[in-house]
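Chemist: The chain contents come next:
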Amino acid sequence: MIEIISRSTQSRLTSIGIPVASAGVALLLAAIPLIAAGAPVLSAYGQMFLGVFGSVFTFTEMLTRATPLIFTGLAAAVAFRAKLWNIGGEGQLYLGALAAVWIGTGMIDGPPALMIPLVLLAGAMAGGLGMVGPAVLKTRFGADEVVTSLLLNFIILIFVQMMLEGPFKDPMGLGWPQSEPIIDAAILPQLMERMRLHAGFLLALGTALIASVIMTLTVWGFRVRAVGENAAAARHAGIRVNRTYLAVAFASGGLAGLAGVSEVAGLKGYLTADLSPGFGYTGIVVAMLAGLSPTGVVIAALFVASVFVGADSMSRAMGVSSFLADLIVSMSLICVLLGGFFSRFHVRIKARAVS
Amino acid sequence: MIDILNIFLSDSFWAASLRIATPLIFGVLGALLCERSGVLNLGIEGIFVVGAMTGWMTVWLGAPLWVGVLGAAFAGGLFGLLHGILTVPLGLSQHVSGLGITLFASSVASFTYRTALPQVTSPPRIEPFRALDIPVLSDLPFLGPVLFQQTALTWLALAMVALVWWVMERTSIGVALKAVGDNPEAVNAQGLSVIRLRMGAVIAGSALMALGGGFLTMSAFDAFFFGMVNGRGWICIALVIFASWQPGKALLGALLFGMFDALQVRLQAEAGAFIPGQVFLMVPYVLSIIALVVVARRADYPRALLVPWFKGQR
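These protein sequence lines map, in sequence, to chains A and B. All residue numbers for the first sequence refer to my numbering, where the first residue is 1 and numbers rise by one. All residue numbers for the second sequence refer to my numbering, where the first residue is 356 and numbers rise by one.
Accuracy of the hints is not assured; some may be wrong.
[Said to hold, decoys possible] Keeping only pairs whose Cα atoms sit at most 30 Å apart, straight-line, the calculated BS3-like set for lysine-lysine is:
hint, chain 1, residue 1, chain 2, residue 2
1, B, LYS666, B, LYS533
2, B, LYS533, A, LYS83
3, A, LYS83, B, LYS666
4, B, LYS604, B, LYS533
5, A, LYS268, A, LYS169
Since the hints were derived computationally from the structure, they do not count as laboratory data.
Just chain A, with the same shape it has in the complex (with noise of 0.2 Å):
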């Protein structure tokens, strides 16, 4: 019979191990629908590869992919450690954009070097009271914030074309919902010639850096880790868990706003409907591979970033559909997931015990 044992201990090496086992898995799976396509599996590979590092151009494009990725990816891994179930990224990230684009197009005309830091704070306001919302509907009504924060996207997403069709419609957009572009003195500026890499990976970086510091250092980053191992003890011991959670709540969707305001003023310059490609539901598989660590989100976001362009690029090279990535991406979820399992469990098949 098969015999479950709990570990003690979980050690280092398979807290990292298990993540890249995971996206190895995947990426080997990956053959399964290469085959099913009819593609030479090798040289799709080598397209993948090539695709992402065979240049500085296709390099700096996964590292422009990497950036709302890692944005996202710390705005899960922020709230799922108070186990605070933010599944509403990809509406915070819209939220973050439109308050981009409502500061950044003129509506305030400050001083050339506080536009930036404006635009970041309001879109960061916008994405946090996002999520905000559903945390209040948890605390005070106990609403699941699950299925509240997974509606709300939707919601958002059909405001924001309201808006596009609506007031914030640019009016020399040739009648495309499309935002006015966004003043100069906010854009976030290129960080290489003729690349489109920008600020907002420096920031991406620099956030991920003070997100790891706050959660690992700080009371507040202990008391999160506390809510989100057992809330009940929490409280016990003096922990004010629901404003805990508003607090995780806030953080988390200010993050993800974040990634909206990057992509609107670091690489679109105007806000349209389909900015996101579901960044927001993208960054849950980034804080699961990173292990819900800040510093994991940065190394999981280029892992995905680099699946979804080289998949991009292997597709426009061999006609096989970049829905690759999709899978190869949510095959390295269910993989780590699984990893998950055996790092805290010992398997051992032993012979039926005669009774």
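Keeping the supplied structure of chain A fixed, place chain B upon it in accordance with the hints.
Modeler: Only chain B this time, still in chain A's reference frame:
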């Protein structure tokens, strides 16, 4: 006011309500089965997509419609099996596994669709289920259009409500199923397998969810589009709480929801000149949140929901 009254008096309004409710009836029943056994299945949104794609593709490849229905249920059951393995014997996080299933299932469906049809500008159509034409009944005034001119899948959904109710209230499996979601240790003490009961419930529930997706491509529409599920699965997760995990109330919740949705479409036609159309599009999602908030405090969650169970370990 007269306009609203006219809407409520029209048979087309009630027919539309039932039609809109149909995929939700499948979905809520599926979520209900899973959760009653103690397993939250957030894979529902992706399983809807898989059901929609599989059902459509089976028929597009030349099989009869009912084979498409079976294919959808089978595909849903497979993803239910995966979610079951991850959450029941392995006891992994039901939240994360469910979200993983949703992402995985929708990418499998999208990849398969794109691989089979690399370059199509308009989605290929199939001949979907047609409205029933029952002698006498379909010609009745009011009741005819509302009940007897629906497609067979709507009747299948209604039959499933009765079936799930009957299994849960009148069979020993149903009693065990409800017990396993409340107190798995007691079920184990009676010599029943907690693992098998939960696995069975998750697989059957997922198959039902996939039928909700199948209804979209084989009855409501006649083709598969990306994004066609559009949160219907998540709405079911809210509705099952609203329905306090009771099949009868699940039907009621889905019907109420269908009514509001049918109403907003009609109000949009009336008031579209003054109010942006998007306001109406938000209504279903806002209503789901309100429904959830209203019942949240009173909700009588299955006590072992989200709690993994391991043999010999309490």
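Chemist: For each hint given before, does the structure comply? Return the numbers of the non-compliant ones in rising order.
Modeler: none
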